[in-house]
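Trainee: The primary structure of each chain is shown beneath.
Protein chains: 2
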Amino acid sequence: MEYSQFFSEDVGSFMRSPVREIFKKVDLASIYSFAGGYPDAATFPIEDIRRISAQVLEKYGAKALQYGATQGVPELREVISRRYGVPVENVQITTSSQQGIDVCTRVFVDPGDVILTTAPTYLGALQSFKSYRTDVRTLEEFASDAAGGHGLQGQPSPVARKVKFCYVIPDFQNPSGETMTLAERQALVALAREHDFLIVEDSPYRELRYSGDPVPTIYSLAPERTLHLGSFSKIFAPGFRLGWILGPVELLDQIYVCKQSLDLCPPILDQYMAAEFMGSGALDANLQKSIALYRAKRDKMLALLDKYMPQGVSWTHPEGGLFLFLTLPEKIDTVALYDRALAAGVAYVAGSFFYPDGSHRNTMRLNFSFLDASRMEAGIRLLAEVIAGT
Amino acid sequence: MEYSQFFSEDVGSFMRSPVREIFKKVDLASIYSFAGGYPDAATFPIEDIRRISAQVLEKYGAKALQYGATQGVPELREVISRRYGVPVENVQITTSSQQGIDVCTRVFVDPGDVILTTAPTYLGALQSFKSYRTDVRTLEEFASDAAGGHGLQGQPSPVARKVKFCYVIPDFQNPSGETMTLAERQALVALAREHDFLIVEDSPYRELRYSGDPVPTIYSLAPERTLHLGSFSKIFAPGFRLGWILGPVELLDQIYVCKQSLDLCPPILDQYMAAEFMGSGALDANLQKSIALYRAKRDKMLALLDKYMPQGVSWTHPEGGLFLFLTLPEKIDTVALYDRALAAGVAYVAGSFFYPDGSHRNTMRLNFSFLDASRMEAGIRLLAEVIAGT
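Going down the list, the sequences are from chains A and B. For reference, each letter of the first sequence is one residue, going 1 to 390 in the working numbering. For reference, each letter of the second sequence is one residue, going 1 to 390 in the working numbering.
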């Protein structure tokens, strides 16, 4: 049978995640992997989860197992509302913050519409944006063209198409590890107001700060045009696939209708467990432990890079999150280098995968949350040898 | 701010679920509701879930809380593979079978493409199909035109557009309660092979049979062109939001890539719990109890309709599932009647919502799984009075 005739036009723009393809080929436990965005399993509150699971079944009974509201169960929306100081009607629960990205793309963007992103940016967002055949441009390019008054470069029509939204991860960005300053956030808000586009603020790492002072969210600067995506993956456990969107009710209302046909409602028992975990203070207690662990891992990683990396390699110094970003000498192609690294027993993600245009082939993303200190050292030493051998 | 400028073209075709809108207005506990598709909470295996939750955390530990494979955890795919006699590579786990419907629409259909359905059909499927601006036609219309050689009626072009798939719920259909005979399934397969379209077989109720003999699945008759959607909602608990797709690997592969950007992977702890429940035999034990309970409820409902409904009202006699379908005298409009019924304290869903063209305004869907026997009697008596009063 000829199956290709059945596929929609979108399918031609689907991207396979190179990270997930790596995981299909390689047994993670057999190598030193800096590739994934996995939290350290030591941060998972297994004992809390065991206790809360029993508590929630006791407290809610059948209600924890029945269908629920598309917006999410009220108990979880209320806990999030209180924690972040936002009215309940501005809170929509999502089945993962990846779903938050996807539903925003679905609800706001048509094929050919422009989405702005920083470059590099989160691969899962690029996958979603490209799967809807949108035109992904960099914020830098737009800002520079806007300042010169030339509109977007290379547009098919002389009239620039409407920018629907700008997607950013302002805190401890994936993959760069960098944090936008207040001035940068204010400039983005001013640009969005001037050119009348929305801002999708993806914020899965914000609570994982190891040094420096918090910067106000973009949502707090421009609540009228920002959709703020939160996630339980890094503060509870990724297996729960729960996130939330904070935003204007006029926008959340269409996201709600869309979500009815996506999956009716988020998982109910999981939502009650997340509400109990966040509302009872267990989350904050666990977060303190996670932050201490990850701060030590970040410091260790920076020290190891200093110790082992050859001349000509530089890296970012994140104040939080799970990643840092390496820039190698121009002549080194990290996509080409990948098989050699894997053969040596070490994995990373080539930085060019995070650029909408696939450029910057001399960069790589390293995760510092997953490996323990001794495996981290062995892995960085190996990686430095592979790089030095080029 | 003018928010409407930000929405994609799809948003103009979003349908709000009238069922979910009813639930936002009315406290279900305060009325006799035949409206929802809710399982009886008495069928939820709370004790099994309490036990399995602890077991799974003990057995898998952090693995039950970490990110997992986009196809679903191997343990769940294997249990489904064994139960339904299908190789593991033909099993994709979904975050609800509603997601199964949605991802099939996304992967196979472009705006304007034709999807065939029976009429009436599942509202959540119509919501998804219409949200992608597809052209939903009835199987009956297509079959009759195909037999006469005239193609689809009312097509904008004389060359009929390609039918991408036909969506059916062959067992105890939602909303009609009817089951396709073997001959009807074979005829659909023959039509699909002749005109080269796929079949999406939605099968959430198949294991809930109260009388009569099982009919082979369409997937077993045409595995090369059928996507069979399974669901844990009616055999475990809807709060888990877990389903599966059985189908050809060539088609599942693109569904897998799409699912990466939808939500990365289904909820992990929930998947391990479902695998344990299905694999251990607890599901079959619980299913026997559910079937006995629902058989009694169906019989009760049919007896009550016989006892109370006025002349000129007829209804289907389902062999399983959760619903039956009433046809009232032509002059009665169940959409117009709805507010009077609600004021009297009884809820149903107007049948016309289940027709792609909104026709058949003298029909209604009644659920018989949710209310207990005494409330069911009070509700049917009230409903009969409202109908008799027209």
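Incorrect hints may appear among the rest.
[To be verified] The list that follows gives simulated cross-link-like pairs (lysine-lysine, PhoX-like), each with its CA atoms no further than 25 Å apart: (1) A:Lys130 to B:Lys130; (2) A:Lys25 to B:Lys63; (3) B:Lys162 to A:Lys63; (4) A:Lys289 to B:Lys130; (5) A:Lys63 to B:Lys130; (6) B:Lys300 to B:Lys289; (7) B:Lys130 to B:Lys162; (8) A:Lys63 to A:Lys25; (9) A:Lys130 to A:Lys162.
Since the hints were derived computationally from the structure, they do not count as laboratory data.
Trainee: Take a quick look at whether Lys63 (chain A) and Lys25 (chain A) sit within 25 Å of each other, Cα to Cα.
Mentor: Violated: Lys63 (chain A) and Lys25 (chain A) sit about 41 Å apart, past 25 Å.
Trainee: Does the structure keep Lys162 (chain B) and Lys63 (chain A) at a Cα separation of 25 Å or less?
Mentor: violated, 44 Å
Trainee: Check the hint pairing Lys289 (chain A) with Lys130 (chain B) against an upper bound of 25 Å on the C-alpha distance.
Mentor: Since the Cα atoms of Lys289 (chain A) and Lys130 (chain B) sit roughly 48 Å apart, the hinted pair is violated (cutoff 25 Å).
Trainee: Are the Cα atoms of Lys130 (chain A) and Lys162 (chain A) separated by 25 Å or less?
Mentor: Given pair Lys130 (chain A), Lys162 (chain A) holds - Cα atoms ~17 Å apart, limit 25 Å.
Trainee: Assess, step by step, whether the Cα of Lys130 (chain A) is no farther than 25 Å from the Cα of Lys130 (chain B), and give holds or violated.
Mentor: holds, 22 Å
Trainee: Going straight from one Cα to the other, do Lys63 (chain A) and Lys130 (chain B) come out at no more than 25 Å?
Mentor: Violated, because 31 Å separates the two Cα atoms, which is more than 25 Å.
Trainee: Between Lys300 (chain B) and Lys289 (chain B), is the straight-line Cα distance small enough, at 25 Å or below?
Mentor: Holds, at about 17 Å.
Trainee: Tell me if the straight-line CA distance from Lys25 (chain A) to Lys63 (chain B) falls inside 25 Å.
Mentor: holds, 19 Å
Trainee: Would you mind confirming whether the straight-line C-alpha gap from Lys130 (chain B) to Lys162 (chain B) stays at or under 25 Å?
Mentor: Measuring from Cα to Cα gives roughly 17 Å; hence the hint holds.
Checked against the numbered hints above, the structure violates hints 3, 4, 5 and 8; every other hint is satisfied.
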